[in-house]
Amino acid sequence: MNKTTCPLDCYDACSVLFEEGKLKGDKAHPVTGGYLCPNLNHYLSEPRILKPRFKGEEISMEKAVTILSEMLHEVQDLKTLYFKGQGNFGTLQNTTAHFFSQYGADFTKGSLCDGAGEAGVVEGRGESLSLPYEQIAKSNIVVVWGRNISVSNSHFMDLLKDKILIVIDPVKTQLAKKAAVHLQLKPREDLFLAILMARFVYIEQIEDYDFIDNFTNDFDYFVEFIRSFPVKELSERVGVALEDVLTALMLMEKEKVTFLVGVGVQKYAHGSSVLRAIDSFAAMLGFFGKEGCGVSYLGNSGLGFKDIFPKGRKQVPKATVDFAKYDLAFIQGSNPANQLPNTAKVIDALIKCKFSVYFGLYENETSRLADLVIPAKNFLEKEDIRFSYGTDFIGRMPKLAESDIGISEKELTDRLCEAFGYETLPPEKQMIEEIVGNNVYEKDGYLRNREYQQIPYSDGFYTDDEKFQFMDDYDDEMCEGEGFFLITCKQKHSLNSQFKRDEHIYLSQVCGFEEGALVRAVSPYGAAEFKVRICEDLRDDCVMIYSGTPGVNYLTPDQLSLEGDSAIYQETRVVLEVVDA
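1 is the number of the first residue of the sequence shown in our numbering; add one for each residue after it.
Note that these hints are calculated values from the structure, not bench results.
Possibly wrong hints are sitting among the right ones.
Here are the simulated lysine-lysine pairs, DSS-like style, with alpha carbons at most 25 Å apart [stated by the list, open to error]:
#, residue 1, residue 2
1, Lys3, Lys24
2, Lys399, Lys24
3, Lys429, Lys306
4, Lys345, Lys314
5, Lys492, Lys178
6, Lys345, Lys531
Ranges of calculated distance between the beta carbons of each label pair, as one might list FRET restraints [unchecked claim]:
#, residue 1, residue 2, range
7, Lys352, Pro230, 45 to 53 Å
8, Tyr441, Glu20, 28 to 36 Å
9, His42, Asp444, 26 to 34 Å
10, Pro230, Val575, 29 to 37 Å
11, Lys429, Glu57, 35 to 43 Å
12, Val575, Gln509, 17 to 25 Å
13, Lys51, Lys24, 27 to 35 Å
14, Gly304, Glu480, 40 to 48 Å
15, Met157, Lys352, 42 to 50 Å
16, Ile534, Asp307, 42 to 50 Å
17, Asp465, Lys443, 26 to 34 Å
18, Gly516, Asn217, 50 to 58 Å
19, Val579, Gln454, 54 to 62 Å
Cβ atoms here follow ideal geometry from the backbone N, Cα and C, with glycine treated the same way.
Using the sequences plus the hints, can you model the full thing?
Set out below in structure tokens:
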């Protein structure tokens, strides 16, 4: 059996074949269909960390584990941080939590990605379920809202070929150029666009009252809420023409409509309210629990599976963690020196941390700061399983290769447990079977989540009374200030801080800078220099810097969303200055 699953942080979780030392797409898979993205195509050629290091000197793995064990014995448990990222996916990567929870380390909570939006979805629906691809295929209209499918979800492009597309995005993406309607709204105003569209639904009296009466609560409060916003004021705030909004709405009327919503809409303090508003607008039209309909955000594809790994007694928000408070920080599968907001503050804190450990595959800004570096096994060299936040497929990841490089999460955990007299873990395959249990079914040779076997929410929502809860209020702490809105999004040839990272800032021609010019971007949190690329796909009030670009997070705020403990990368403005040659 040479079939496995891509480990990268992506909606698609591709089915992959490993043959003759090469990764190939699985042509039989109904979604991913044999095509691999540029990142996975270059996965095996990406330079790995080959040897452990201590204070810059290469050491043996045995010595590295001994040093880690000795340091953990020396420091206090309350002064130890367990910081795990999602650089690569695999459920058994969480095995290290088994040791650190017993040890008593602080864990992290919240998200650098989707936490604000998820909080909003859960408020209304009870759980966040993404749409099975079969339901998207059955839709007539697809609304792509703040999600660049061709980059972050490329295997869905075939699903959209014959659909009528409505794209809502400050950037004129590849899909936006093909769309029937592109609402190129002002950044941060997605909440108010959803309210504006809901107002027109109410004005035109095209609500689905059968759905509202039988499957929802608090609709009257929602109507009262949206009527408190004047249409003209909403239109001016959102920055799109009313006729375009009405055209989009008329296209949706009495059709099978799916919404594919991305994380870009919720990278703000009020991010939870944005998803709550989008969901409420869709619920007004009855777009839940029906064939070919639904709102698909990042879904909880682990729903129904047993979580066998503990969370830790104390948790601190991941996006604002202060490494300087700890005597020892164990950093796994993450690059906080690049990925956390307010980079200058994070790097200063990492330097002040008495002892930092980096456990991962690749060299990066964080590994170069670490006192102890421990290389990990890659996904081909160990047993694992992964879920996907974009589909309901469950991907097995059997061990397909041997390597002398690195140590697996399971082996490192067992070694530390033995050193402290804690109970070790059962074999990987046994843990996988315990996690999966009876919550899967097989279709066309692939495992699927049983919770998604029916149309999501067709039997009711995951709330206490199984009804959708309309929003009736919102909180906001808008970042006031001058300058350009900052958009931080995914790039095709990199993923977070892995692979081939970009180095540019993208501007509209009207911003007045020359292609290739060196500019300094300044925000209230820091400054960084970038080379200019002119991009006519942007609004004139925006700049775009891809996620993972060196320097981008010197500009972003180390603050949390009002709900969801999520990073709010785009809650800032930037001013541009020419850098003298």
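(request) Just tell me: holds or violated, for the beta carbon distance of tyrosine 441 and glutamate 20 against 28 to 36 Å? (result) 33 Å, holds
(message) Tell me if the straight-line CA distance from lysine 345 to lysine 314 falls inside 25 Å.
(response) 23 Å, holds
(message) Taking the Cβ atom of methionine 157 and the Cβ atom of lysine 352, is their distance within the range 42 to 50 Å?
(response) At 46 Å between Cβs, range holds.
(request) Compare the distance between the alpha carbons of lysine 345 and lysine 531 with 25 Å, and conclude whether the hinted pair is satisfied. (result) 24 Å, holds
(message) I want to verify a distance hint. Is the separation of the beta carbons of lysine 352 and proline 230 within 45 to 53 Å?
(response) Taking Cβ atoms as reference, lysine 352 and proline 230 lie about 51 Å apart, which means the hint holds.
(message) If I claimed the Cβ atoms of glycine 304 and glutamate 480 lie 40 to 48 Å apart, would that claim hold in this structure?
(response) With a Cβ separation near 44 Å, glycine 304 and glutamate 480 satisfy 40 to 48 Å, so the hint holds.
(request) Confirm or reject the claim that aspartate 465 and lysine 443 have a C-beta distance inside 26 to 34 Å. (result) 32 Å, holds
(request) Kindly confirm whether 27 to 35 Å is satisfied by the beta carbon distance between lysine 51 and lysine 24. (result) For lysine 51 and lysine 24 the Cβ distance comes to about 30 Å; the hint holds.
(message) For the hint 26 to 34 Å, verify it against the beta carbon of histidine 42 and that of aspartate 444.
(response) 29 Å, holds
(message) Tell me if the beta carbons of lysine 429 and glutamate 57 are separated by a distance inside 35 to 43 Å.
(response) 37 Å, holds
(message) Hint check: lysine 399 vs lysine 24, CA-CA at most 25 Å. Holds or violated?
(response) Given that 25 Å is the threshold and the Cα spacing comes to 16 Å, the pair holds.
(request) Please work out if lysine 3 and lysine 24 have their alpha carbons no farther apart than 25 Å. (result) Holds. Lysine 3 to lysine 24 sits at ~10 Å (cutoff 25 Å).
Hint violations for this structure: none, all hints satisfied.
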